[in-house]
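Novice: Sequence:
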Amino acid sequence: MSFIEYGDTIKDGDTAIVFLGHESMFPVKVQHGTVTQTKYGVIRHSMDLIGKKYGSKVTCSKGGWVFILHPTPELWTMNLPHRTQILYSTDISIITMMLELKPGSIVCESGTGSGSLSHALIRTVAPTGHLYTVEFHQQRAEKAREEFREHGVEHLVTVTNQDVCKNGFGVSNIADAVFLDIPSPWEAIGHAKAALKAEGGRICSFSPCIEQVQRTCLAMEEYGFTEINTLEILLRVYNECESAYLLRFRYESCKVMRLPAWLITESVFPWSRVQLHRGLLAALGSTASYSVLASANHFGYTEVK
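Counting along the sequence shown from 1, when you hit position 186 you're at 222 in the working numbering, and nothing is skipped either side.
Accuracy of the hints is not assured; some may be wrong.
Below, a list of computed lysine to any residue pairs in the SDA-like style, where the Cα atoms sit at most 25 Å apart [said to hold, decoys possible]:
| id | residue 1 | residue 2 |
| --- | --- | --- |
| 1 | Lys179 | Pro117 |
| 2 | Lys229 | Ile128 |
| 3 | Lys93 | Gly57 |
| 4 | Lys179 | Leu116 |
| 5 | Lys179 | Gly165 |
| 6 | Lys138 | Ile269 |
| 7 | Lys179 | Thr72 |
| 8 | Lys179 | His118 |
| 9 | Lys47 | Met114 |
Pairwise CB distance ranges, derived in the manner of DEER restraints [as the list claims (entries may be wrong)]:
| id | residue 1 | residue 2 | range |
| --- | --- | --- | --- |
| 10 | Ile246 | Leu271 | 17 to 25 Å |
| 11 | Lys89 | Met133 | 30 to 38 Å |
| 12 | His191 | Pro117 | 17 to 25 Å |
| 13 | Thr266 | Arg119 | 24 to 32 Å |
| 14 | Ser92 | Ser208 | 42 to 50 Å |
| 15 | Glu258 | Met61 | 43 to 51 Å |
| 16 | Thr108 | Met133 | 12 to 20 Å |
| 17 | Ala234 | Leu271 | 36 to 44 Å |
| 18 | Ala234 | Leu254 | 18 to 26 Å |
| 19 | Lys93 | Gly236 | 47 to 55 Å |
| 20 | Glu258 | Thr108 | 34 to 42 Å |
| 21 | Asp44 | His68 | 16 to 24 Å |
| 22 | Ile264 | Phe62 | 37 to 45 Å |
| 23 | Asn265 | His68 | 50 to 58 Å |
Note that these hints are calculated values from the structure, not bench results.
Predicted, not measured: the structure shown is a model, and the values here were computed from it.
Beta carbons: idealized from backbone N, C-alpha and C, even for Gly.
Could you put together the complete structure from these sequences and hints?
Specialist: Next comes the structure, spelled out in structure tokens:
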């Protein structure tokens, strides 16, 4: 089993995703002789998982059933054990695009954290690229190495336990892109420039606070980076519904404004739940706009000429 290569059959030692529903799933390490408890009953790894195909519908001991899915970076992001706050797929997609990553790219990352972004970066640069990721915390670095080994991607990633602001990435003039997700990214801009290849390359910094972004952009300018931009990324989900109240409200509105009757048949509105990397969410009150803005996600990226 590998996160970058699809396997058809579940094997002993694989990491699989037990899917109970879109809001209920969890990872499990498949081991001969082991059982996993779910609300639908017990799953026996030897009988119910090993040798079965990924995507199979497995019946539990109480008669309920689950699906067993092959792991992907997106599923891992939704189910990984949180050692730190993580980046979600909305953030990851824009980062990957802005860094212009592709198979064969060399990319540096700090910090590794829970490995959510790391798995997506590895899949993007595979099979000939490489990820150099730096983690300040020793136990988190060791756990990341263990997970990469279990997930079959250890040959595509190098994990280093050090302070990137003091010691850099451990490589020079080879990276196509650098990503920073640390409390003081402006202190690592010099090391990021040293890691980038002599001509071209991109750097992206992720910060939850606009003051951090301002200091980082100033540091980028000091080190000669150009085309510096800051983006705010927010996920907003829309739902479509029908209700007697909304239909009556729009029916009266259509009569007043003399609009066609088909406008009252359905409603589209934003869902109230928003998933953010970190920060505050203001539910109601006059400070709602300020709170969301102050805690929003900001990206600063630049291209080296």
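Novice: Decide, hint by hint, whether the structure agrees.
Specialist: Evaluation of the provided hints:
Taken as a hint, the Lys179 and Pro117 pair is honoured in the structure, with Cα atoms around 11 Å apart against an allowance of 25 Å. For a cut-off of 25 Å, the pair hint linking Lys229 to Ile128 stands: about 22 Å separates their Cα positions. Restraint check: the Cα-Cα separation between Lys93 and Gly57 comes to about 12 Å, which is no more than 25 Å; the hinted pair holds. A distance of roughly 12 Å separates the Cα atoms of Lys179 and Leu116; the hinted pair therefore holds under the 25 Å criterion.
As the CA atoms of Lys179 and Gly165 are separated by approximately 22 Å, the hinted pair is consistent with the 25 Å bound. Between Lys138 and Ile269 the CA atoms are separated by roughly 22 Å; this keeps the pair inside 25 Å, and the hint holds. Our distance criterion of 25 Å between C-alpha atoms is met by Lys179 and Thr72, whose separation comes to about 22 Å. For the suggested pair Lys179 and His118, the alpha carbons sit about 11 Å apart, so the restraint of at most 25 Å is met.
A hinted pair counts as satisfied when its Cα atoms are at most 25 Å apart, and Lys47 with Met114 qualifies at roughly 22 Å. Between Ile246 and Leu271 the Cβ separation comes to about 19 Å, which falls inside the hinted range of 17 to 25 Å. Taken as a hint, the range 30 to 38 Å holds for the pair Lys89 and Met133, whose Cβ atoms sit roughly 33 Å apart. With their beta carbons about 23 Å apart, His191 and Pro117 fall inside the hinted range of 17 to 25 Å.
In this structure the supplied range 24 to 32 Å holds for Thr266 paired with Arg119, their Cβ-Cβ distance being about 28 Å. The beta-carbon spacing between Ser92 and Ser208, approximately 48 Å, falls within the hinted interval of 42 to 50 Å. In this structure the hint that Glu258 and Met61 lie 43 to 51 Å apart at CB holds, the actual value being about 46 Å. Against the hinted window of 12 to 20 Å, the Cβ-Cβ separation of Thr108 and Met133 comes to about 18 Å, which satisfies the hint.
Look at Ala234 against Leu271: about 37 Å separates their beta carbons, and that is inside 36 to 44 Å. Judged by the Cβ atoms, the range 18 to 26 Å given for Ala234 and Leu254 holds: they are separated by roughly 24 Å. Between Lys93 and Gly236 the beta carbon distance is about 49 Å. The supplied range of 47 to 55 Å therefore holds. A hinted range of 34 to 42 Å holds for the C-beta pair Glu258 and Thr108, which are about 40 Å apart.
For the hinted restraint 16 to 24 Å between Asp44 and His68, the CB-CB distance of approximately 19 Å keeps it satisfied. A beta carbon spacing of about 41 Å between Ile264 and Phe62 agrees with the range 37 to 45 Å that was offered as a hint. Taking the beta carbon of each, Asn265 and His68 are about 52 Å apart, inside 50 to 58 Å as hinted.
Comparing the model with each numbered hint stated earlier shows that all of them hold.
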